[in-house]
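Each protein sequence line maps, in turn, to chains A and B. Per the numbering used here: the first sequence = residues 1 to 317. Per the numbering used here: the second sequence = residues 1001 to 1317.
Just so you know, these hints were derived from the structure itself, not from any lab. Don't take each hint at face value.
[Unchecked claim] Which bits of chain B does chain A cover? Going by a derived footprint, with three or more residues having C-beta under 8 Å, they are:
{"id": "1", "stretch": "1043 to 1056"}
{"id": "2", "stretch": "1254 to 1264"}
{"id": "3", "stretch": "1291 to 1299"}
{"id": "4", "stretch": "1302 to 1314"}
Just so we're clear, the structure is a prediction, and the values are computed from it rather than from any experiment. By construction, the Cβ of each residue, glycine as well, lies at the ideal position given by its N, Cα and C atoms.
What follows is each chain in one-letter form.
Protein chains: 2
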Amino acid sequence: MNMNLPEEALRGSQLAGARLIRLLEEGDAAGIEGLKALYPHSGKAYVVGVTGSPGVGKSTLVDCIVGELRRHEKRVGVIAVDPSSPFSGGAVLGDRIRMQRHATDEGVFIRSMATRGQLGGLSRSTCEASVVLDAMGYEVILVETVGVGQDELEVADLAHTTVVVSVPGMGDGIQAMKAGILEIGDVFAINKADLPGADEVERQLAMMLQMRESGNLAWHPPIHRTVATRGDGVAELVQTLLDHRGHLAESGSLAPRQMRRDFSLFLELLRSGASEKILEAANTSPEYRTLIEDLKARRIDPYSAAEALIEKLQCEI
Amino acid sequence: MNMNLPEEALRGSQLAGARLIRLLEEGDAAGIEGLKALYPHSGKAYVVGVTGSPGVGKSTLVDCIVGELRRHEKRVGVIAVDPSSPFSGGAVLGDRIRMQRHATDEGVFIRSMATRGQLGGLSRSTCEASVVLDAMGYEVILVETVGVGQDELEVADLAHTTVVVSVPGMGDGIQAMKAGILEIGDVFAINKADLPGADEVERQLAMMLQMRESGNLAWHPPIHRTVATRGDGVAELVQTLLDHRGHLAESGSLAPRQMRRDFSLFLELLRSGASEKILEAANTSPEYRTLIEDLKARRIDPYSAAEALIEKLQCEI
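From just these sequences and the hints, can you work out the full model?
Structure follows, in structure tokens:
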């Protein structure tokens, strides 16, 4: 039955796509087999990261962007990367709330990713989900992340274009720098721009972007004001996204980005597969058992213990 | 000269300790040698994670906690894990701002960690820094993190006790669940509790903690109200922390936690060391080069490519 999942997904079944993504999150071998089948059909989607602190209204903004892209007749996938609670089933709840508006629209497919417990980490499962959506023919894939933490920065790395969302009044300049997401933005949105302080935030952003520019940038990150709850400014924002894609295509950087992504996925798979093999080899070695005992008794430190094993490790390909 | 760093750190030199932590962040071999020398002196500190979204006033609260612990005559280390910008040198700036209050106090040592670019990731370098501070005789180590993202959750995993900080008015119940940090809290602090909405947040927290409890918990996470800018409620919060340590010691869970941490560090070191060896082996293999070419031309997917190499990999220990 699982054998048909990739075929069904390619024929447009969102149920099949969702199942594949679930299997991939769980590290199920059937998921990986499915992904291999889908892979040749992928590589066409335009991936947009939408990132910002909790509370800036990312979900609402993403919702509006989806609506606007639908007016451009684009098929749209959304991958929402929300830190979710294992006991609340938060991701599922999130899906339910969001799906309502686009529930009857076959041109929109929304998935929430759990942020804990995936085999291989968040960036890997997000990347895999984007390959599934890409292969299914979604032309634009929006990846919504909370933009703090190294993991989230890696997720942003998957995107062709990254939109950094902020709001008026949330913290001063230092806070904004702390967020560490300024330097990954290709486009900036000040959401809730009807609140007091929008001018101030825009001034700060503009200043910091000036600091960031090394002089010879062909793309100057524009700053947009939006009020996502009313849809204000969203059409302009989406136009800028499409412009940025055009800019990337012209400068020949769409394809290399895709390749870099595939290559780092390959390296990561190689690493995790290899370390499994090594742990297997270690487990059968009496030396490993002795080291574990020494480690437990604090007779050896973790560094020396790992080094001792690595030194004895023989690899051949 | 570097040879003396661990000795100097053990004699109390904060400069030497800071240098060691820097070397470890950079993945420098001298740092690791230093850590090996310090390791036998570690294992005594009580590690407290303080986590919460940007803007809840964590730094100010940590500052107050440090002050209160000093009244208890504890030597205190602080590791601040702030997402920092590579161009702003944010972490350094953070140190400077915080250090002022405790600058002349030899019983306090504060370090900020960069959140990007460390070899082995954030949780590893934070863990390493805590071993350094531990060995230097700091009795309580506060680890301050932005509580979103998998990486930060891993950092929280290092702590014996985790304090989750929230504030009135920041998002509704769903938002709080999204933060995904509820289930890691041993103690909760509602900071800025003089703002309107404190009752509401406390009610929500209490409700969610009830949902979380599986019935047979020996420790019921208390909720404290604080106004860190005035120091209100901090003495009570610190007393609860010390109570929680007592609870962990009585239930015999202090030592196993330490061991689990050492063991996962060992496994991680083993994995990263092993994957380096494998990439070396791969690089000399003609098959690897062919695979890379195929990958570039999209003739093979990353999964099949990695599998093909893993299959040929021979490991022996």
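Results for each hint:
With 4 residues having a beta carbon nearer than 8 Å to a beta carbon of chain A, the stretch 1043 to 1056 of chain B meets the requirement of three or more and the stated coverage holds. With 3 residues having a beta carbon nearer than 8 Å to a beta carbon of chain A, the stretch 1254 to 1264 of chain B meets the requirement of three or more and the stated coverage holds. Here the stretch 1291 to 1299 of chain B counts 4 residues with a CB under 8 Å from a CB of chain A, which clears the bar of 3, and the coverage holds. Here's how the stretch 1302 to 1314 of chain B fares: 11 of its residues keep a CB closer than 8 Å to some CB of chain A, so the rule of at least three is met and the hint holds.
Hint compliance for this structure: every hint is met.
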